[in-house]
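Asks: Count along the sequence shown from 1, add 1096, and you get the number used in our numbering.
Any given hint could be a false lead.
To be verified - Restricting the straight-line Cα-Cα distance to at most 30 Å, the calculated cross-link-like pairs of lysine-lysine (DSS-like) are:
| # | residue 1 | residue 2 |
| --- | --- | --- |
| 1 | Lys1209 | Lys1175 |
| 2 | Lys1123 | Lys1176 |
| 3 | Lys1134 | Lys1155 |
| 4 | Lys1176 | Lys1155 |
| 5 | Lys1142 | Lys1163 |
| 6 | Lys1175 | Lys1189 |
| 7 | Lys1176 | Lys1135 |
| 8 | Lys1155 | Lys1209 |
| 9 | Lys1134 | Lys1163 |
| 10 | Lys1155 | Lys1123 |
| 11 | Lys1163 | Lys1209 |
| 12 | Lys1134 | Lys1123 |
| 13 | Lys1209 | Lys1135 |
| 14 | Lys1134 | Lys1183 |
What the hints assert, rightly or not - Derived DEER-like restraints, expressed as beta-carbon distance ranges:
| # | residue 1 | residue 2 | range |
| --- | --- | --- | --- |
| 15 | Lys1189 | Lys1155 | 35 to 43 Å |
| 16 | Thr1156 | Lys1123 | 27 to 35 Å |
| 17 | Lys1123 | Lys1149 | 29 to 37 Å |
| 18 | Glu1180 | Val1147 | 27 to 35 Å |
| 19 | Ala1194 | Ala1168 | 15 to 23 Å |
| 20 | Thr1152 | Lys1123 | 17 to 25 Å |
| 21 | Thr1152 | Ala1195 | 29 to 37 Å |
| 22 | Gln1212 | Thr1190 | 16 to 24 Å |
| 23 | Ala1151 | Lys1123 | 26 to 34 Å |
| 24 | Leu1143 | Lys1184 | 18 to 26 Å |
| 25 | Ala1133 | Thr1190 | 27 to 35 Å |
Treat the hints as calculated values from the structure; they're not laboratory data.
Predicted model, so just to flag it, every value in this text is computed and none were measured.
Where a beta carbon is used, it is the ideal one built from N, C-alpha and C, also for glycine.
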Amino acid sequence: MHNKKILTASLAGLLLIAAGVIAQDGKTVLSGKDVYAKKCASCHGKLGEGVPKMATMLKTTIHDFRKISVNADTLAAWKKVTSEGRKKMPAFKTKLSAAEIDSALAYTVCLAKAGQPDKTGTGLDSAKGGQK
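Given the sequences, and given the hints that come with them, work out the whole structure.
Replies: Okay, here's the thing in structure tokens:
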């Protein structure tokens, strides 16, 4: 359990650096969780799975974040869409501060990584939440 927490914290830290977001004591991800819950989860789901009922109502596709491989290009695209909007996705640049957007994206990256199989060689499978 302790190793899993260290692995999760390490992955989150690396992803935050890659996203250009500097977290102080995990506060960025924690505040991002709150922003995500308030502004994103109604469409994107509590765990990033997407809400089928909202997709149907909006007549669009809401992708499952847990199935998306996150890299620098993905992060840049997510930031642009979150800030400026796209199709049915509203723009949040006037509704959230840049720091709030960054923190929500940092949390979203954690959701995406939680759904990915272990590629670290640690023996932990993040998709199943434990040992392989």
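Asks: Hints first: check each against the structure and report whether it holds.
Replies: Hint check results:
1. Annotation: proposed proximity of Lys1209 to Lys1175 holds, straight-line Cα distance about 17 Å (limit 30 Å).
2. This hinted pair checks out: Lys1123 and Lys1176 have alpha carbons roughly 23 Å apart, not beyond 30 Å.
3. Between Lys1134 and Lys1155 the alpha-carbon distance is near 22 Å, which keeps this suggested pair within the 30 Å criterion.
4. For the given pair, Lys1176 sits about 22 Å from Lys1155 by alpha-carbon distance, which is consistent with the 30 Å threshold.
5. As the CA atoms of Lys1142 and Lys1163 are separated by approximately 15 Å, the hinted pair is consistent with the 30 Å bound.
6. Distance restraint check for Lys1175 and Lys1189: the Cα-Cα separation of roughly 10 Å lies within the 30 Å cut-off, and the hinted pair is therefore satisfied.
7. About 16 Å separates the Cα atoms of Lys1176 and Lys1135, which keeps this hinted pair within 30 Å; it holds.
8. Of the supplied pair hints, the one linking Lys1155 and Lys1209 holds, its CA atoms being roughly 27 Å apart against a limit of 30 Å.
9. Restraint check for Lys1134 and Lys1163: satisfied, since their Cα atoms lie roughly 22 Å apart, inside the 30 Å limit.
10. Taking the CA atoms of Lys1155 and Lys1123, the gap is about 35 Å. The hint is violated against a cut of 30 Å.
11. About 9 Å separates the Cα atoms of Lys1163 and Lys1209, which keeps this hinted pair within 30 Å; it holds.
12. Between the alpha carbons of Lys1134 and Lys1123 the distance comes to roughly 17 Å, so the proposed pair stays at or under 30 Å and holds.
13. At roughly 20 Å between alpha-carbon atoms, Lys1209 and Lys1135 fall within 30 Å of each other, so this suggested pair holds.
14. Restraint check for Lys1134 and Lys1183: the C-alpha separation of about 21 Å stays at or below 30 Å, so the hint holds.
15. At about 24 Å, the beta-carbon gap between Lys1189 and Lys1155 misses the expected band of 35 to 43 Å.
16. At roughly 33 Å, the beta carbons of Thr1156 and Lys1123 sit within the given window of 27 to 35 Å.
17. At roughly 33 Å, the beta carbons of Lys1123 and Lys1149 sit within the given window of 29 to 37 Å.
18. Between Glu1180 and Val1147 the Cβ separation comes to about 22 Å, which falls outside the hinted range of 27 to 35 Å.
19. At roughly 18 Å, the beta-carbon separation of Ala1194 and Ala1168 lies within the given 15 to 23 Å, and the hint holds.
20. Checked against the hint of 17 to 25 Å, the pair Thr1152 and Lys1123 fails, with Cβ atoms roughly 36 Å apart.
21. In this structure the hint that Thr1152 and Ala1195 lie 29 to 37 Å apart at CB holds, the actual value being about 33 Å.
22. Distance hint check: the CB atoms of Gln1212 and Thr1190 are about 33 Å apart, inconsistent with the given range 16 to 24 Å.
23. Between Ala1151 and Lys1123 the CB atoms are about 32 Å apart, so this pair conforms to the stated range of 26 to 34 Å.
24. In this structure, Leu1143 and Lys1184 meet the distance hint of 18 to 26 Å, their C-beta atoms being roughly 21 Å apart.
25. Range check, Ala1133 to Thr1190: about 20 Å between beta-carbon atoms, so the 27 to 35 Å window is missed.
Hint check: violations occur at hints 10, 15, 18, 20, 22, 25; the rest are consistent with the structure.
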